[in-house]
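One letter stands for each residue in the lines below.
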Amino acid sequence: MNFKLKIWRQKNSKDKGRFVDYTIENVAEDTSFLEMLDILNEKLISNNEDPVAFDHDCREGICGTCSLHIDGRPHGPKPKVTACQLFMRTFKDGEQIIIEPWRAKSFPVIRDLITDRTAFERIIQAGGFISASTGSAPDGNAIPIPKADAEWSMDAAACIGCGACVAACKNASAMLFVSAKVAHLGKLPQGKVEAKKRVINMIAQMDKEGFGSCTNTYACEAECPKGISVANIAYLNREYLKAGLS
Amino acid sequence: MWDYVGMSRDEAGLKSAITEIRALREDFWKNVRVLGEGEELNQSLEKAGRVADFLELGELLASDALNRRESCGGHFREESQTEDNAAKRDDENFSYVSAWEYKGEGVEPELHKEELTFEHCKPSQRSYK
Ligand code: SF4
Ligand code: FES
Numbered sequence: 001m002n003f004k005l006k007i008w009r010q011k012n013s014k015d016k017g018r019f020v021d022y023t024i025e026n027v028a029e030d031t032s033f034l035e036m037l038d039i040l041n042e043k044l045i046s047n048n049e050d051p052v053a054f055d056h057d058c059r060e061g062i063c064g065t066c067s068l069h070i071d072g073r074p075h076g077p078k079p080k081v082t083a084c085q086l087f088m089r090t091f092k093d094g095e096q097i098i099i100e101p102w103r104a105k106s107f108p109v110i111r112d113l114i115t116d117r118t119a120f121e122r123i124i125q126a127g128g129f130i131s132a133s134t135g136s137a138p139d140g141n142a143i144p145i146p147k148a149d150a151e152w153s154m155d156a157a158a159c160i161g162c163g164a165c166v167a168a169c170k171n172a173s174a175m176l177f178v179s180a181k182v183a184h185l186g187k188l189p190q191g192k193v194e195a196k197k198r199v200i201n202m203i204a205q206m207d208k209e210g211f212g213s214c215t216n217t218y219a220c221e222a223e224c225p226k227g228i229s230v231a232n233i234a235y236l237n238r239e240y241l242k243a244g245l246s
Numbered sequence: 001m002w003d004y005v006g007m008s009r010d011e012a013g014l015k016s017a018i019t020e021i022r023a024l025r026e027d028f029w030k031n032v033r034v035l036g037e038g039e040e041l042n043q044s045l046e047k048a049g050r051v052a053d054f055l056e057l058g059e060l061l062a063s064d065a066l067n068r069r070e071s072c073g074g075h076f077r078e079e080s081q082t083e084d085n086a087a088k089r090d091d092e093n094f095s096y097v098s099a100w101e102y103k104g105e106g107v108e109p110e111l112h113k114e115e116l117t118f119e120h121c122k123p124s125q126r127s128y129k
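Line by line, the protein sequences are chains A and B.
Note that the working numbering numbers the first sequence so that position 67 is 67, with each residue one more than the last.
Note that the working numbering numbers the second sequence so that position 36 is 36, with each residue one more than the last.
Excised from the complex, chain A in its bound form (with noise of 0.2 Å):
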């Protein structure tokens, strides 16, 4: 298969940037998006010209590294996918694609394709934890805990901090993200002890940090590779007043 990208360069966060064009032949159709970007940075480097700055790690869909705007879409067009589990049998032959970083005052771009995504690690540092010692893994039976609870706590617990919703997101809001923190700890009995404080603190920090406000267009669900679902902002609200009245 045969590509034209069309790529952001950008030397780093003063740089104002600029896209570049490159051409890309006979990729394999089981080629994942990174290593795609890979053979295209192989043929850069035997060229003597600067590779394009890309992040990622796992390559499996599980650390939330990867951070890829694709076409206008985070993590490009299919829907529950990171942009490392992305192959390029997606895409047709020929076609142009356009790769950029994640756009948001919170995220600034370090180089390239490469953002600043240490304000959730600020936004987790502030209390998306549990300090309270919970001992060795107890009897399976000892804390009941409903099953209701339990699947939502999975499922919240399933976000990998990409910052995906945050790109989606028109007002560049990280309430998916802190949401998902929230409800995957709060949702437990051993996370509720501290639900008030982590509630608080996180959204502080979250506000602190520019992002913005959730007007509920659901972007963030619609693009988060994870399938979070925007229930957990209800339930941060709910949670973010209850502590706010006691």
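Each hint should be verified, as a subset may be incorrect.
Listed below are several chain A residues computed to face chain B (Cβ distance under 10 Å; list not exhaustive) [as the list claims (entries may be wrong)]:
1. 49
2. 50
3. 112
4. 114
What the hints contain is simulated information worked out from the structure, not anything from laboratory work.
The model shown is predicted, which means the values in this text are computed figures rather than measured ones.
Glycine residues also receive a C-beta, built at the ideal position from the N, C-alpha and C atoms.
Position chain B with the ligands against the provided structure of chain A, taking the given hints into account.
Here is chain B with the ligands on its own, set in the frame of chain A:
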């Protein structure tokens, strides 16, 4: 590494691995092409640094395996096996942990032995029979 420094290794193989790694390393440092600069985020430089580390670590692994002429654990020296081809330990001579001290480029690293003493359980031949 795959051919000579796998689970089962012998003196000749380990020696050729070391020779090959050294040649590879020389080639690497002569011909490596790293684009970009050191003062900015540079993934090429990061990768080259990793390859350089692996070349060093690979040689160290091979020399350590060469030094330990006994078989033990996941290290099977073909020269040291029992009659029924199980790993043959040599606790008389090899009851130590090896700590290799880097002595500079092109200089053999120095071996420091941290002796192992077993008070209650004594290491013995593993047997699944
Ligand atoms: S909620 Fe979804 S899109 Fe947002 S960070 Fe988590 S996994 Fe990524
Ligand atoms: S590289 Fe880990 S999720 Fe894509």
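For each hint, the structure was consulted:
1. Because the beta carbon of residue 49 of chain A sits about 7 Å from the nearest beta carbon in chain B, less than 10 Å, this interface hint is met.
2. The closest approach between the C-beta of residue 50 of chain A and any C-beta of chain B is roughly 5 Å, which is under the 10 Å cut-off, so the hint is satisfied.
3. A hinted interface residue such as residue 112 of chain A counts as satisfied when its beta carbon comes closer than 10 Å to some beta carbon of chain B; here the least separation is about 9 Å, so the hint holds.
4. For residue 114 of chain A, the interface hint holds, the least distance from its beta-carbon to any beta-carbon of chain B being 7 Å, beneath 10 Å.
Taken one by one, the earlier hints all hold for this structure without exception.
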